[in-house]
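Chemist: Heads up: the sequence lines are chains F and D, in that order.
Start counting the first sequence at 0; every next residue gets the next number (numbering that gives the first Met the number 0).
Start counting the second sequence at 0; every next residue gets the next number (numbering that gives the first Met the number 0).
Rather than coming from a laboratory, the hints here were simulated on the basis of the structure.
Take these hints with a grain of salt, some might be off.
Unchecked claim - Think about it this way: if two alpha-carbon atoms lie no more than 25 Å apart in a straight line, the pair counts; the simulated SDA-like pairs of lysine to any residue are:
| id | chain 1 | residue 1 | chain 2 | residue 2 |
| --- | --- | --- | --- | --- |
| 1 | D | K180 | F | R53 |
| 2 | D | K180 | F | N54 |
| 3 | F | K128 | D | N135 |
| 4 | D | K180 | F | S129 |
| 5 | D | K57 | F | I43 |
| 6 | F | K128 | D | T139 |
| 7 | F | K64 | D | F172 |
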Amino acid sequence: MGIKLNKKAVLFSLISVLFSVLFITLFSQNFNTMYEDRIPGSNIRITVIDTYVRNFETYLSDSIKISTYRTLDAIITYEHNHHAFFKDQDSFNNAFHDCMVYDLVNSTDPTSGCGLGQYYLEARLDEIKSLSIDQLNINTTYYINSVSIEQKQAFEVEVKVNVSYNVTDNSDKNYYARWTKEIVITEPISIIGLLEPTGNINDSSDMYNRTISRYRGICESDENMTCWNASNRLEFYQEKSFRLQKDSTSFLQRYWNNNSPSSCCGIETIIHPSELPSPSQNRSYVERYYWNSTFTCSNSTPITTYLLGGDIVSLDARTAITFGFTLNDSNIIRTCP
Amino acid sequence: MFKKFNKKGYYFIIDAFIGSIIIFLSLMIILTEGARPAKIQYNYEIAEEYSSFLLNTKIEEVYNPYIQMLEDEKSINVSYDNTSLTIMNQVNLFYYLGGPENLNRSRGIIENFTEQFVPEKYGFSYTIINQSDIMNTTTTIYNRTIDTDVNDAELVIASKKITFLQINSTTMFGPAIVEIKIWV
Numbered sequence: 000m001g002i003k004l005n006k007k008a009v010l011f012s013l014i015s016v017l018f019s020v021l022f023i024t025l026f027s028q029n030f031n032t033m034y035e036d037r038i039p040g041s042n043i044r045i046t047v048i049d050t051y052v053r054n055f056e057t058y059l060s061d062s063i064k065i066s067t068y069r070t071l072d073a074i075i076t077y078e079h080n081h082h083a084f085f086k087d088q089d090s091f092n093n094a095f096h097d098c099m100v101y102d103l104v105n106s107t108d109p110t111s112g113c114g115l116g117q118y119y120l121e122a123r124l125d126e127i128k129s130l131s132i133d134q135l136n137i138n139t140t141y142y143i144n145s146v147s148i149e150q151k152q153a154f155e156v157e158v159k160v161n162v163s164y165n166v167t168d169n170s171d172k173n174y175y176a177r178w179t180k181e182i183v184i185t186e187p188i189s190i191i192g193l194l195e196p197t198g199n200i201n202d203s204s205d206m207y208n209r210t211i212s213r214y215r216g217i218c219e220s221d222e223n224m225t226c227w228n229a230s231n232r233l234e235f236y237q238e239k240s241f242r243l244q245k246d247s248t249s250f251l252q253r254y255w256n257n258n259s260p261s262s263c264c265g266i267e268t269i270i271h272p273s274e275l276p277s278p279s280q281n282r283s284y285v286e287r288y289y290w291n292s293t294f295t296c297s298n299s300t301p302i303t304t305y306l307l308g309g310d311i312v313s314l315d316a317r318t319a320i321t322f323g324f325t326l327n328d329s330n331i332i333r334t335c336p
Numbered sequence: 000m001f002k003k004f005n006k007k008g009y010y011f012i013i014d015a016f017i018g019s020i021i022i023f024l025s026l027m028i029i030l031t032e033g034a035r036p037a038k039i040q041y042n043y044e045i046a047e048e049y050s051s052f053l054l055n056t057k058i059e060e061v062y063n064p065y066i067q068m069l070e071d072e073k074s075i076n077v078s079y080d081n082t083s084l085t086i087m088n089q090v091n092l093f094y095y096l097g098g099p100e101n102l103n104r105s106r107g108i109i110e111n112f113t114e115q116f117v118p119e120k121y122g123f124s125y126t127i128i129n130q131s132d133i134m135n136t137t138t139t140i141y142n143r144t145i146d147t148d149v150n151d152a153e154l155v156i157a158s159k160k161i162t163f164l165q166i167n168s169t170t171m172f173g174p175a176i177v178e179i180k181i182w183v
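Throw the hints in and build the complete structure from the sequences for me.
Modeler: Here is the structure:
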């Protein structure tokens, strides 16, 4: 009935069972050792460094935003203190780069401090570099390849920073991973709250401290030239805000006193006489016209002086028409020439 | 019509079947042993994953009664204009703003999330090490002590993250270190 077993076959079966037990014992230990060695030592370490790298780029972006804003502010102060504009855009760009990266208006002159404190870009990056080595045992090296700034919107500038960086594990086992990357970070930075450069640099009395704020009324855009009336022009005047004006100059152009119109980014405001050390009714109070004496009673454009919100304000003909003043306006005090 | 099977054939089929079972079981045991995380690794993963959760998860992405309460009382987003802050950033912001009330809010946020995500058997602490501060301050925001104090624990796992927060156009908090410790 039963199968008669071959003795050799039984022997082979037993040997296979023994080998299986042997392999189970050997491999289960080896595999576990290999796994333990690999997971805590490398995978987790890689995760930590990877998180740091992601954080580093976010930190870089945030640092760029703050450094840019502070640099724009610091350069106005520098120009104000020297009572001089940069001679052209290139001079401004160089100063912006050196100030933002090294806290120097001119990187070749160590005495040309820009006054950014610990907020210049190298200081910000050195801080995270130092923290990463002290606390995470991660080594970071970086190089700022270029910095550029331009304006595409009236109330914001766009800064572009090209940075190369290298992140490695600082332990002996630096074969875990190495991050080498070159990135270009582009950040839009609002100019709201910054000093208006033209007047601030021109005014040596420190009375004019108008900061950029945006007028948000219905006549916000200069395309609505017919919408101004006594009510909203008073609101605009009293807000001390800036409105879009394509014939006007952009915020950045004011750093090198370029008065050519900027179709994308021109802005203008009307100065209050209380902001001026010795207000002259012979000049238009539109800020760029006032400081550059573009329209005065001594040239051919008529300057009309109005009563606006209790103040005596002079305006050139183009601006007066734009803001809805008429020739027979009851608020006219005088006209010249 | 049908071939008459050789009796030895049955034996070899059964033998092969037994062999297959042995190989299969062997592989199962080996792979199961390998995949089971070591105890230290498991604990490390808890600390690391929890700190990553706090670092990366935005306030607006979670529903938590305590967060809801802070939103209702306008404590969140009063001084910072959105809900896109991560949990860790919100804790940083309260820490940065300072004062007992804000530190309590920081503690409350961490306590609420920790109760939900970190098993009760673990001790837990959340500390901000602010080296950029002149005083080089170390502030423990939340500490959950179980039976064993952290100094007497058999196993302490720490996960550190670099943290920072842009406060406004000109000011930044950090970079600072957030250290999360769990222990048993």
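Chemist: Report the numbers of all earlier hints that the structure fails to satisfy, in ascending order.
Modeler: Those not satisfied: there are none.
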